[in-house]
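J.: Take a look at the letters that make up each chain.
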Amino acid sequence: MENYLNLTATQARAALQKKEISATELTHAYIQAAEATKALNNYVCMTADKALEMAASSDKRIADGNAGPLEGLPIGVKDLFCTTGVETTACSAILKGFVPTYESTVTSQLWRDGAVMLGKLNCDEFAMGSANETSVFGPAVNPWSTDGGADLAAGGSSGGSASSVAAGSALMATGTDTGGSIRQPAAFCGVVGMKPTYGRCSRWGIVAFASSLDQAGPFTRDVADSALMFASMAGHDAKDSTSADAALPDLHAALQASVKGMKIGIPKEYVMEGMDEAITALWQQGQEWLVEAGAELVPISLPHTRYALPTYYIIAPAEASSNLARYDGVRYGARVEAGQSLDDMYEATRAAGFGDEVQRRIMIGTYALSAGYYDAYYLKAQQVRRLIKNDFDEAFEKVDAILTPATPSAAFPLGVKQDDPITMYLNDVFTVPANLAGIPGISVPAGYSDTGLPLGLQVLSGAFREDTLYKVAACLEKQAGFTGQPPRHALAAR
Amino acid sequence: MSNLVAGQTGEWEVVIGMEVHAQVTSEAKLFSGSSTTFGAGPNENVSLVDAAMPGMLPVINEACVRQAVKTGLGIKAEINLYSVFDRKNYFYADLPQGYQISQFKHPIVGEGVLTIELADGTTHDIGIERIHLEQDAGKSLHDQHPSKSYIDLNRSGVALMEIVSRPDLRSSEQAGAYIKKLRSILRYLGTCDGNMEEGSLRADVNVSVRRPGQALGTRTETKNLNSVRFIMQAIDYEVERQIEILENGGKIDQETRLFDTSTGTTRQMRSKEDAHDYRYFPDPDLLPLQLTQDFVEEIKAELPELPDEIKARMVSDYGLSSYDASVLTEERETAGFYEAASKGRDRKLVANWMSSELFGALNKAGKSLAESPVSPEGLGALVDLISDGTISGRIAKDVFAEMFETGRPASDIIEEKGLKQVSDSGAIEALIDQVLAENQDKVAEYRGGKDKLFGFFVGQTMKLSGGQANPGMVNQLLKDKLRG
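Residue numbers (the numbering used here), protein chains in the order written: chain A, 1 to 494; chain B, 1 to 484.
The shape of chain B in the complex, shown without the other chains:
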C-alpha cells in the first residue's frame, strides 16, 4: 500500500474518480448540422437549433453515435443497444435551450476498463462506469465589456462524451496516468483529438480521503481541469487540504470547487445546498436510441490496433523492453513512425535510435514528431547503413545530427563528407602497422603482459582513420598483429 499518505495522526488513503469530457471528433454537432471547426469567429457556427429558436428540434448525428460506440469498444466496454437522451434543466446565458441534452439513466456505453502503467512498472485496472453522449454549452465571455457579458454559441451543441471512471484511482500519479492513457486511446481511435489546451478534453475530479479500510469519505468535485499537470496539482492540493481539515477535527463539505491555475489551489464554487436540481427527464423530442448488433459489429471491424495490443506485440515479436514499447505506443503517431522506420530492419536498434537520438533532438528543438525533419524512411535508411557496416554507430550520430539539421538523406551526407567506414583489411592493416611502429615501447609492454594497452592501440588506430575504420575489423586485425 505505497499509495497511503502520511498525516500528523496516521495514514490516509486517497480515493479519486474522474469524469472526463471528451469532445467527439465529428464534422457536425450532436443534434444540428453546424460545423464544429475550432477557431471560427464568434457565433459563426450556430444554427437555428443551436440558438434554440422557437420550434426548433434536435436530430441525432449518426457520426457522433458511431464515435461513442467506437470509444466504448476501445475500452472493452459494454455497448448499450438501447439508450435514452434526457434533458438536464438549468438556466444559464450560454445554454440557449435552458436544458442540456444528455444521457442520464440509460447511457450508450456501460462498464469498461482502462489499464494504466506507472513509472515503477506496476499496472492498475481502472474501472469505467459509463460513457454518455451530451451537448456542450456555449461560452460566456465576461472580459469584453465593462458591464455586459458576451455569448459565443459556436460550442453550443457540440458533441461530448462524458467518460466516468469508478473511484479506483489512488494517487495523483495514477490520475495523471489515467488521463494520459485515456487520451492516447481516444487519439488512436480518432474519436477525440485530445487537445487539452483547446478544451477538447477536460476533467472533473472527485477526491476524498479515508483511513485505510474505512468507508468512503465525503468527496469534493473540482471542475474543468484542462491539463494533466492541473489535474495532478488539484488532487494534491485537495488531498492536503482535506487531511488537514480532518486531522483538526473538521469535516469535509460535499461541494463543487474551482481550480486556480495561478496558485495551484482550489476554492469553493458552490456548496451542496446550492446544487442544482436538474430535473432530468427523457427528451420528448428524441426517440430512444436503438442500435443493432450489426451496427456495433461493423464498428468493431473498423477498430484500429490499440496501444496495449501494439505494446504486447512489440515486446513479444520485436523483443523490445516494456519501457521502450510504452514510450513508442503512447501516441498513435509515434507507433506509426516506429513501425514504418523499423519494418524489415533491426527493430531494437531502430527503437534505441528513436528513443535516444530522435526524441532527444526533437525535444531540444521543441518540435513534435509530426514536424520531424527526419522521416521514418530516413531513420530506417540510417540504421541500415549501421547494420551493413557502411558507417559506425559513432559516425552515425554525427550523420543523424546533420540529417536533423538539413533534412538530407544519410547516404548523401556520408558520400559528401567521405564518412564511409573503412572495411578494407589492407587499408586497416596499414593503419595498424603505422600505430605499432610509432609505439614500439607500448607493444613491448603489451607483449610483456600489460593487456590493458589493447584499448590504447584500438583508439590510436581509430583516431588515425578519422573514426572511419570498421571497429570490429580493427579489433580482430590488432589482435592478430600483436600476437604476431
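Chain A extracted, bound-state conformation:
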C-alpha cells in the first residue's frame, strides 16, 4: 500500500486499468493517509463511507470496461465547492451546519468521470487569505518544514488542497484561485497548481468570493495529472453566464510537444526588491532550462504590474461585500438571535459568523462602492484592470508564454504575518495579475529555498491557451526533476 501513495494519478489510473490495484484499495490507503496526517489539519470533513461506496462503484465500472477518465482516483474537495449531502462551510462559522442539496458543476463532472470523493479540504474563510489562517477550523499545515522548525503555512486560500496532495492524503484536489489561491499554496507545498482561463470552469455551486476573478482549478503531483484533472473540471455550463463556450485545446499533444522555437516572455517588472535570492536564482535557472530546450527568451514589459495588487484589493473586496450579503442568518447557516429588530439579528449573526479578515474585506468593499467613493475606487480600479489586461494582450502578440516566479518567498511559519494584512497581501504579487486579466497560470515546483523548502515557477499564457501553458510547464518539470517528498508525508508519519 505504501507504493500507492507515491503514484501519480496517471500511474494510478494505469494500475487500476491493469487491475494491479482496486479503487477500493487505493481509496482505503488514502483514507488511512488522511488519518495519519490529521495533524496537518487538511480535512475539515472526511467522507470515508461515501468514498468507499464510490470506489466500489468504480471497481465495478472498471470490471465492466466502463471506466471514466478519472475512474477510481481519490480526490479531495476544497470546502468552497457545494457537495450534495455533505456539509459545506467555506470554512466560515456563518455556514456551519449548511448541507447543500446540490452539487457544484465542477465536482459533479469529476464524479461523472469516475473520481472518488475523500472529503472536504481546509481553506481560508470564504477563500480570503494567503496562509489558510482565516479558516474557522484553524490553519492547514504545510507538510514541509525546516529541520525541527515551526509549523509552516501551507499557503492560501487553498491550503488544505495543496497540503493534502503534497502529504499524500489526497491523490488530487480541487482548488479555487481568485488572486493566487491555487498557485501560491501549490508553490509552498511543492505540488502543481493550475488556474484556468476565467470562464473555463463553471462557478455554479462554488461559494463565491469575487465573481469576476474566481476560477476553479486542479492540484496535482505532476503536470500530466494537472491536464488530466483540468480536462474533467472544464466545460461550458449554461448555468453560469460567464462560462465560456470554447473547445479545450489538445492537452495530450501539448504534454508531448517540445518548446523548441517558442518565445518566452520575461517581464522586467517581476523583479522585486527584497525577493529571496533563491527565487531570483530559480527564475534565472528556469529561463536557462527553457533555452536549453530550444525556446527563445524575449524581455517584455508589463508596465501596470505594480498597480495589480491595489486594483485587486479594491475589486475583490467590492464584489465580496455584495456576494457575502446573502449570509444573513435568515435562510441557512448560523443565526444569532439578538435584540428586537431584523437589523439587530443581522448584526449579531454577521459579527459572530464572519472572522476578522472577512469583515475587513467586507468593509473595504462596502467603502469602495459607496456613493462619492465609487468613481475614485471601484471605477478607477476597473480602468486599471483594463490596462493590466491590455499589457498582457500586447505581450502575447510577441510571446507565447511568460515565465515568472510563483511567489516572492518560500513558505513562512504560521502566525508570523497574521497581524499585518498588507505584508500578507504581498504574497499574491505575482499571481494576482493573471486573475485580473483572466488568463491561465500554472505553478510548477522547480527548486528549493536555502532552507530546503519547495519553490515554484509560474507560467502564464494567453486566454484559452492552456495547451501552451502545459507545454512550457511540462518542459520545466522535466528539466527541474523535482521529486522531493515532504518530511511530514503520510508515509513518514506512520
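Simulated from the structure, these hints should not be mistaken for laboratory data. Nothing here was measured: the structure is a model prediction, and the numbers come from that model. Certain hints may be false.
DSSO-like mimics (lysine-lysine), calculated; alpha carbons at most 27 Å apart, straight line [what the hints assert, rightly or not]:
hint	chain 1	residue 1	chain 2	residue 2
1	B	Lys-450	B	Lys-364
2	B	Lys-343	A	Lys-239
3	A	Lys-96	B	Lys-180
4	A	Lys-268	A	Lys-389
5	A	Lys-389	B	Lys-442
6	B	Lys-442	B	Lys-452
7	A	Lys-268	A	Lys-380
8	A	Lys-380	B	Lys-88
9	B	Lys-105	A	Lys-380
10	B	Lys-88	A	Lys-239
11	B	Lys-180	B	Lys-367
12	A	Lys-50	A	Lys-60
Footprint (simulated), chain A over chain B, 3 or more residues, beta carbon under 8 Å [as the list claims (entries may be wrong)]:
hint	region
13	52 to 60
14	90 to 99
Where is the CB? At the ideal position from N, CA and C, for every residue including glycine.
Model the placement of chain B on the given structure of chain A, informed by the hints.
T.: What follows is chain B alone, placed relative to chain A:
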C-alpha cells in the same frame, strides 16, 4: 394653464413624475427557471437561485428581454442594444441575495413617449425616460405570528419592468390618464397583465409644486400605489399638503412616503438622511446584455396594432367620433370585440350599440366584456336585423335585453315572440285606415292645417301594430293617406 392650483397666496403648478413597476408576463422568473404563477402556496415557486443559496448564479431569461424590448417599441422608445445589469445592495429579509439585480446606468430601453387624452379632449405627450428590467423581491408577512415575520419568496426574482416617466404630468387627472394608457398599451402588447389588485402594476409617484415659471420644487416620493384611484388620491393629498406647508413658510423635505388607503393620506416612511446607499455596481455574474438589430426587428414585426393606431383608423375609416373610438380602444378585448361585431356591417351603429346597450347592461350586471352573454357575432346579427328592417330599433332594445338575459340569438327571440317588423304595405294600410276611421275629427283638424297631429297618427298606428310596423313605411303611407 388650467392645471394651476389656487392657493391662499397665489397659484401653484404641480409637477409629477411616475415610476411604474410592471410585472413582465412570462412563464419563468428573470434569472431562474421558477414559475411565476400567481396564487401558488407560500414558497412553492422558489428555486435555489431565488433563495440565494451559496454558489447559485443568475441566468437571464430571454423571454423577459423580449417583453421589455416589445414594451419599448410599444412606446416608440429607443432600444439600447447594449445594456448592463447592476446590483442594488441593501439588506432585507425578503431580499435573499442582499441585492436586487436591476439596471442602473445602462437600461435596456431609452427615451420614449406616451400620449394621453383627457376628458376635455385635449391630448398631452408624456415623456418616458427609460425602462429597465429588474428582479422583484419576496414578500414579508407580519400578521401571521405574534412575534415573527414570515417570508414568501414566490415573487423573489420575478421580472419587473420599471417604467420611468419624465416629470411631465401636471395634475392627478393626467397621472390617472397616464397609468390607464400605459396599462392599456402593456395589455395590448401582452407584456404585463396590468392586474393592479394582484400587484402586477404598481406606481411610485414623485410630486412637487412650484410657482409657475419657477425652478422645480423639492419632491416627495409616495411608494407602491396599486390602483388608479389611490394614485390620484395620493397626488391630491400631497399637492394640498405641500402647498399648505409652503404657504405657511415651511419647506418640503425630500423623503419617501407611504399612502394610507384607509384615510387617503400619506405619511413619512423614511427621510433623505435614512436613504439607502445602494452601492450600485455591474453584476459580475452577468455579462452585459447585447442585442442585435435583427432581434429587435423580429420583435417589431410581431407588434400588434396599438390603441392609438386603432383609434385613428376607427375615426378615419369607420367614421366614429374620437370619444367613441377612445372608449372602444381602451382595452384590447373591447377593440377586438368591436372589430368582430362590426365587420361588414354598419360600423357606427355597432359602436352605438356597444357603448350604450352592451356596456350599460354589463355595468348593471357587474360583468366584464369577457363574461358578456352576448357574443360579438350575436350583437352583429342583431344589428343586421335592424339594418335590413326585420325589426325596429325600439324592438331591438327589448330583443337585446332578452339576449343578454338568456344568451339566445336575436333571430330565435324575434321568431318566438313574433316581433318581426311588419313591412307589408297592405297590412300597414289596413292599420292606418282603422286609425283614421276611429279619429275622423282629428283627421279633419289635420287637414285644416294642424300639422302637429301627424305624430299622433304615427303613434296610434305603431301602437295598433304592437310596435312591429316599419316606422318608415308608416310615415310614408300616412302622408299619402292624409293627403288623400
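J.: Let me make sure I understand: some of the numbered hints might not hold for this structure. Which ones are they, in numerical order?
T.: When the structure is compared with the hints, numbers 1, 2, 3, 5 turn out to be violated.
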